[in-house]
Amino acid sequence: MANADSLVVLDFETTGLSPDQGDRAIEIGAVRIENGRVTEHFQSLMNPGRRVSPFIENYTGISNELLKDAPPCGEVMAEFADFIGTSNLLAHNASFDKRFLDAELQRINKPYAGEFTCSLLVSRRVFQSAPNHRLGTLVDYCNIESTGDFHRALYDSQMTAQLWLAILASIRTTYQRSEIPFALMQKLCKTPKPGIARLLAVPS
DNA sequence: TGCCAGGCCCTCTTTAGGGCCTT
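Each residue of the first sequence is one higher than the last, beginning at 1 in UniProt numbering.
Simulated from the structure, these hints should not be mistaken for lab results. If you're wondering where the values come from, they're calculated on a predicted model, not measured in any experiment. Some hints here could point you the wrong way.
Here are the simulated DSS-like pairs of lysine-lysine, each with C-alpha atoms no more than 30 Å apart in a straight line [unchecked claim]: (1) K110 x K68; (2) K98 x K68; (3) K187 x K68; (4) K98 x K110.
Given the sequences, and given the hints that come with them, work out the whole structure.
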């Protein structure tokens, strides 16, 4: 059940980089974290109403053939809006996924109440010695078990969720606190809003 | 055929530019 105390980690596969340039979502994957554990997941392909490029087919493994019989974006996004409810939201490079979430939900006139935070931005502060801050690199860096099946929405959201739990564990270790100070999470997340910081401070 | 965006962050900065990330 969605609520303001759960965190939905989401990832979109899309036809390109910018909804402002006409790009659409082709897959949504998400997991819910509650009390430090993944409790639920959501995944669906969606038909964007146009053919995807060979680059995207190769990059994601999502072919035009796969999308041919997928439900339309509006139908899937309506279900996803119900899934996220009032939960707070997390993504790796959240500015990208937020743009697509905003664009797709605006098309079906579905608002959402959660606040976004970004595992990429926080990881740059917490894992400063990582070779880079791509999702796959950070999964290796944190010794998170992985099959390497990146660039699919559910898998990337699952890996982002595990990365997030690793980030929280690292902060707890660094500051030797079972609960992460509210002000510290606000600083790391660069958010002045109280909701996300309260959520992130959940004990392990 | 080839290209497209945008937010954050760093620095040889702030009257700016470019790399990193995401598909």
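Status of the hints after comparison with the structure:
Between K110 and K68 the CA atoms are separated by roughly 25 Å; this keeps the pair inside 30 Å, and the hint holds. For the hint pairing K98 with K68, the CA-to-CA distance comes to about 26 Å; that is within 30 Å, so the pair holds. Straight-line distance between C-alpha atoms of K187 and K68 comes to about 45 Å, which puts the hinted pair past the 30 Å bound. About 14 Å separates the Cα atoms of K98 and K110, which keeps this hinted pair within 30 Å; it holds.
Violated hint for the displayed structure: number 3, the only one.
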